[in-house]
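**Q** Sequence:
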Amino acid sequence: MENAMKIADVLTKDSIIKSLQATDKNGVLKEISETVSSLSPSLDADVLLKMLLEREEICSTALDHGVAVPHLRMHGLSEPVAAFARSVQGVDFGSLDGNPTYLFMVIIASDSRADEYINLLARVTSALKSGEMRERLIKAGSTKDIFETLVEEDDRNGKR
Numbered sequence: 117m118e119n120a121m122k123i124a125d126v127l128t129k130d131s132i133i134k135s136l137q138a139t140d141k142n143g144v145l146k147e148i149s150e151t152v153s154s155l156s157p158s159l160d161a162d163v164l165l166k167m168l169l170e171r172e173e174i175c176s177t178a179l180d181h182g183v184a185v186p187h188l189r190m191h192g193l194s195e196p197v198a199a200f201a202r203s204v205q206g207v208d209f210g211s212l213d214g215n216p217t218y219l220f221m222v223i224i225a226s227d228s229r230a231d232e233y234i235n236l237l238a239r240v241t242s243a244l245k246s247g248e249m250r251e252r253l254i255k256a257g258s259t260k261d262i263f264e265t266l267v268e269e270d271d272r273n274g275k276r
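Under this note's numbering, read the sequence shown as residues 117 to 276, first letter to last.
I should point out that these hints are in silico values taken from the structure, not numbers from a laboratory.
Each residue gets a CB set at the ideal place from its N, CA and C atoms; glycine is no exception.
Please note: incorrect hints may appear among the correct ones.
[To be verified] Simulated DEER-style distance windows between Cβ atoms:
no., residue 1, residue 2, range
1, ALA120, ASP227, 15 to 25 Å
2, GLY192, ASP130, 29 to 39 Å
3, ASP208, LYS166, 14 to 24 Å
4, ASP160, GLU251, 29 to 39 Å
5, SER228, GLY206, 15 to 25 Å
6, ARG171, GLU195, 13 to 23 Å
7, GLU248, SER158, 35 to 45 Å
8, GLY192, LEU237, 29 to 39 Å
[As the list claims (entries may be wrong)] Pairs of lysine-lysine, DSS-like flavour, derived with a Cα cap of 25 Å:
no., residue 1, residue 2
9, LYS260, LYS146
10, LYS166, LYS146
11, LYS260, LYS134
12, LYS166, LYS255
13, LYS122, LYS260
14, LYS166, LYS260
15, LYS146, LYS255
16, LYS166, LYS245
17, LYS255, LYS134
18, LYS166, LYS134
19, LYS134, LYS122
20, LYS122, LYS245
21, LYS122, LYS255
22, LYS129, LYS255
23, LYS129, LYS146
24, LYS134, LYS146
25, LYS245, LYS260
26, LYS255, LYS245
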């Protein structure tokens, strides 16, 4: 698993939204779709939003403890893409525990690279398991702090 893709391989400081303006699920996914599209012009924001909303209709990607991991696989995508977003006020995202969701990590991967997709999902959910880690992300003062916190936790988990 040494060559496994890390969070730092798909997430950039530019793909982090420090403070979402949206107050509902559709708005959150729209903001994230627009950010991803601005960084990856081959991904149309409207198409991405439609696909993410369809994925949410199948089953909410909100976990518990204020975390959601919206994810999907797309045909023709050469490299995985990720974005992270934080909501200061929290959003009703259909979480397992019924509480608001504050932290969103979106993963979009190729439909032809299932192993890579599963590995990234596992790394992200593992990184976001720690209550201390989630608290650090909620309190982080900058996109740089958020990025470094995610990468450090992913690296720490990768060494276990």
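**Q** So, for every hint listed, does it hold in this structure?
**A** Hints and how they fare:
| no. | hint | in the structure |
| --- | --- | --- |
| 1 | ALA120 / ASP227: 15 to 25 Å | 19 Å, holds |
| 2 | GLY192 / ASP130: 29 to 39 Å | 23 Å, violated |
| 3 | ASP208 / LYS166: 14 to 24 Å | 21 Å, holds |
| 4 | ASP160 / GLU251: 29 to 39 Å | 35 Å, holds |
| 5 | SER228 / GLY206: 15 to 25 Å | 36 Å, violated |
| 6 | ARG171 / GLU195: 13 to 23 Å | 20 Å, holds |
| 7 | GLU248 / SER158: 35 to 45 Å | 37 Å, holds |
| 8 | GLY192 / LEU237: 29 to 39 Å | 20 Å, violated |
| 9 | LYS260 / LYS146 | 23 Å, holds |
| 10 | LYS166 / LYS146 | 9 Å, holds |
| 11 | LYS260 / LYS134 | 10 Å, holds |
| 12 | LYS166 / LYS255 | 31 Å, violated |
| 13 | LYS122 / LYS260 | 17 Å, holds |
| 14 | LYS166 / LYS260 | 29 Å, violated |
| 15 | LYS146 / LYS255 | 24 Å, holds |
| 16 | LYS166 / LYS245 | 28 Å, violated |
| 17 | LYS255 / LYS134 | 10 Å, holds |
| 18 | LYS166 / LYS134 | 23 Å, holds |
| 19 | LYS134 / LYS122 | 21 Å, holds |
| 20 | LYS122 / LYS245 | 16 Å, holds |
| 21 | LYS122 / LYS255 | 23 Å, holds |
| 22 | LYS129 / LYS255 | 16 Å, holds |
| 23 | LYS129 / LYS146 | 19 Å, holds |
| 24 | LYS134 / LYS146 | 15 Å, holds |
| 25 | LYS245 / LYS260 | 21 Å, holds |
| 26 | LYS255 / LYS245 | 16 Å, holds |
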